[in-house]
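S.K.: Using the sequences and the hints given, assemble the complete structure.
2 protein chains.
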Amino acid sequence: MLLNRIVFFAYLASQTLLSFEMSILIKNILLDQQILDIYIEGNSIKKIGKNITNAADKIIDGKNKAAIPGMVNGHTHAAMTLMRGYADDMHLMPWLEQKIWPLESKLTEEDVYWGTKLACLEMIKTGTSLFFDMYHHFPASLKAIEEMGLRAVLTSACFDFDQPQMAEDYKQTVIKQMKLMQGHSNRIQYALGPHAIYTVSTDLIKWVNDFSKDNGLRIQTHLSETQSEVDNSIQKYGKRPAEYLDSIGFLTSNVSLAHCIHLSDDDIKRLADNGCQVIHNPASNMKLASGNKFRFSDLKNAGVPICIGTDGTASGNNLDMFEAMKLASLNGKVAWEDPTIWNANETFEAATEIAETLTGFKTGKIKEGYLADISLVNLNVPEMVPNFNLISNLVYSANGNVVDTLICDGKLLMENRKVEEEETILFNANKTAYNVVSRLKEA
Amino acid sequence: MLLNRIVFFAYLASQTLLSFEMSILIKNILLDQQILDIYIEGNSIKKIGKNITNAADKIIDGKNKAAIPGMVNGHTHAAMTLMRGYADDMHLMPWLEQKIWPLESKLTEEDVYWGTKLACLEMIKTGTSLFFDMYHHFPASLKAIEEMGLRAVLTSACFDFDQPQMAEDYKQTVIKQMKLMQGHSNRIQYALGPHAIYTVSTDLIKWVNDFSKDNGLRIQTHLSETQSEVDNSIQKYGKRPAEYLDSIGFLTSNVSLAHCIHLSDDDIKRLADNGCQVIHNPASNMKLASGNKFRFSDLKNAGVPICIGTDGTASGNNLDMFEAMKLASLNGKVAWEDPTIWNANETFEAATEIAETLTGFKTGKIKEGYLADISLVNLNVPEMVPNFNLISNLVYSANGNVVDTLICDGKLLMENRKVEEEETILFNANKTAYNVVSRLKEA
Chain A
1 MLLNRIVFFA
11 YLASQTLLSF
21 EMSILIKNIL
31 LDQQILDIYI
41 EGNSIKKIGK
51 NITNAADKII
61 DGKNKAAIPG
71 MVNGHTHAAM
81 TLMRGYADDM
91 HLMPWLEQKI
101 WPLESKLTEE
111 DVYWGTKLAC
121 LEMIKTGTSL
131 FFDMYHHFPA
141 SLKAIEEMGL
151 RAVLTSACFD
161 FDQPQMAEDY
171 KQTVIKQMKL
181 MQGHSNRIQY
191 ALGPHAIYTV
201 STDLIKWVND
211 FSKDNGLRIQ
221 THLSETQSEV
231 DNSIQKYGKR
241 PAEYLDSIGF
251 LTSNVSLAHC
261 IHLSDDDIKR
271 LADNGCQVIH
281 NPASNMKLAS
291 GNKFRFSDLK
301 NAGVPICIGT
311 DGTASGNNLD
321 MFEAMKLASL
331 NGKVAWEDPT
341 IWNANETFEA
351 ATEIAETLTG
361 FKTGKIKEGY
371 LADISLVNLN
381 VPEMVPNFNL
391 ISNLVYSANG
401 NVVDTLICDG
411 KLLMENRKVE
421 EEETILFNAN
431 KTAYNVVSRL
441 KEA
Chain B
1 MLLNRIVFFA
11 YLASQTLLSF
21 EMSILIKNIL
31 LDQQILDIYI
41 EGNSIKKIGK
51 NITNAADKII
61 DGKNKAAIPG
71 MVNGHTHAAM
81 TLMRGYADDM
91 HLMPWLEQKI
101 WPLESKLTEE
111 DVYWGTKLAC
121 LEMIKTGTSL
131 FFDMYHHFPA
141 SLKAIEEMGL
151 RAVLTSACFD
161 FDQPQMAEDY
171 KQTVIKQMKL
181 MQGHSNRIQY
191 ALGPHAIYTV
201 STDLIKWVND
211 FSKDNGLRIQ
221 THLSETQSEV
231 DNSIQKYGKR
241 PAEYLDSIGF
251 LTSNVSLAHC
261 IHLSDDDIKR
271 LADNGCQVIH
281 NPASNMKLAS
291 GNKFRFSDLK
301 NAGVPICIGT
311 DGTASGNNLD
321 MFEAMKLASL
331 NGKVAWEDPT
341 IWNANETFEA
351 ATEIAETLTG
361 FKTGKIKEGY
371 LADISLVNLN
381 VPEMVPNFNL
391 ISNLVYSANG
401 NVVDTLICDG
411 KLLMENRKVE
421 EEETILFNAN
431 KTAYNVVSRL
441 KEA
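Respectively, the protein sequence lines represent chains A and B.
So that you can map any letter, position 336 of the first sequence is 336 in my numbering, and since no number is skipped, the others follow by simple counting.
So that you can map any letter, position 359 of the second sequence is 359 in my numbering, and since no number is skipped, the others follow by simple counting.
No wet-lab data here; the hints were simulated from the structure.
Cβ coordinates follow ideal geometry from the N, Cα and C atoms, glycine included.
Sample of chain A residues at the chain B side, in silico, Cβ under 8 Å: (1) R84; (2) G85; (3) Y86; (4) M286; (5) L288; (6) N318; (7) E323; (8) V334; (9) N380; (10) P382; (11) E383; (12) V385; (13) F388.
M.R.: Written out as structure tokens, the structure reads:
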């Protein structure tokens, strides 16, 4: 264990060292409809222009490629990759109660480690450099994300089901987790993840709220995912979910809310007035039939920042943000009978530029001074030809496989679609998933 | 021109010869939840079993791969790849009248040739071996598809806008096209494609109907794509579109109908009673906001065969049938508020097994005696791990990039994701698309 720790800190130190030393020069790449060079030093974009001549440790030829910001996946449960395809085509409650929760109860820290590694691998291979995670066994996720090199807001999932002892345990856990974050890279931000108003007591939500304010932590929670959540809230609290959270002072600009499929005008006003962000998860909401009327235009007009997420792969099945963009846009257009909404540019922004507002990381744009989180997209594939409109092709035609190279925090995590350790991760994650199911069957 | 013809027939002869001589043995591949060998001779599947020892010209190692039928794309306009990303986020009529139709008016036979080549390349790279095409400049499409090696039902698009001369021209064109089909491979089937009831006169529809019966040709047309099409039909004919077509004896089991978003109970009964097939095009219907209530369950219960299509890339943006499956299923679930419909297996069947009913080609299944139209899917990628349920992973997680190898008509069209001529096609199609736009601007 001690040896593990020493090796791990040595690894961290080497990573930190590398991140300051490494420089990358990307030559002649399509960026903002021009052919430009991008010079990266340490973890940020130092210079963008024509004919940059700075010496660099690594030179990348940008021919037939475009540079775009790494995507932000606004909401996922990374380790649920282990449950991909385990249960589909079911109604929400039997799906949760008969399939997902029993399996989750068998997950160990080691399982979550491999599930998160698989998720990170999938995100790297589909051009996502930043994600908002919410899951159990925090130390395992932390280790996996640290090793994989991605940027993340890592929320510690929280449930107490109105049981005071569970609430107390969570509070102690948070203190421990905060300590565990010390010494970790700046790529990973700790946050709190009270699951939802129907799984977390009012007392614990208030504690999370106070603790996050005292410690400057972000919060993410699920809100108004289904109509029955709204109905139950009205029955229990006499208030809709957003009104209830607002009444206990929970809604602030540090809070992002996943789903928000069933919002009233009053709900939208509360989210806007308090500066909350909203994450739309089209694959999950569609597959579980939670609802298709995500109020994109009303939220946008009210000034609520909108991001896109994949949700966990147990419901959305993959972590490909390109697919999530297309689903968000197409589902929005048809649900509201208006092909002009969720246009290509605003859809792309909800998967890239929104990153800074949602996470505080200075990323989501390719600009001097921003963090070097960049995807290089292969333009020489059928789905990107012709290239009349790069953003249209990315949103409506491409999938994550068009990403050839991913740079996160100034480091090359994938080049020519090759990721270190890929075979090992696939092998171990697959084995782990089957082991979890075996344990459940034996129990 | 004569030289061209000689070269072309020499090419055809060589292809025909090859197709009879070539044999392929796929060893140890995942098929129907077993590890099996598949032996292909000429253009069909000769043997499936364990430890097949037949000598073969080509042996493929199936390790970490699964064999699935090549997909059938039930409805597309292949050459519209040239318009990918040219106009998005618009209402249907201004999109057609201001953007698509003016550009189409500038297309030459050479343009359609390169557009169709690009479409075929994209289909090969995403595991589609058979498609129903409907477009102008038939000889160009024929040449392109013949060269690319795909299987197709090639319908000759037909419009007359109630102008007798246009109708007469079309009839003459059909005679010529029938002659052009002589000497072409059995992979390509000629069919008729009256565009829609609002662009083709009753007289011409009747002629198409008679001609197809006399010559044993299939027909594909657009039906009930938008509510306004239905409203206009009622206004013009006093009948809904399906009732109108039924009243003139048009609906038979040789007829497949694209879209069918706006169907009444009576419409469904007419399609079922006459044995028509229906092709659902979720990307296009969603993006153009044509409607999301495709009546999957009602059509299925009535016994109407259902297929999935991508429509042209001007509206659907890509030709990836894996994506089309996910869109069909997810949109269906959420639109009807039922996560159990369009389950993974029935969605997969609507993209594979349906092929035989829709086209008459003995394909869509991997069985002895069936045509050798087979995709080999790479299981060693994040989106296919874990592999609890192959069909779920294919429908809900994968995209067309999981296809590693495509065999059509017993020939290898792609191996390890490499397709012959790929660079040339991408270069020429891209150049062609820009040339068309230039011509439009000059006009």
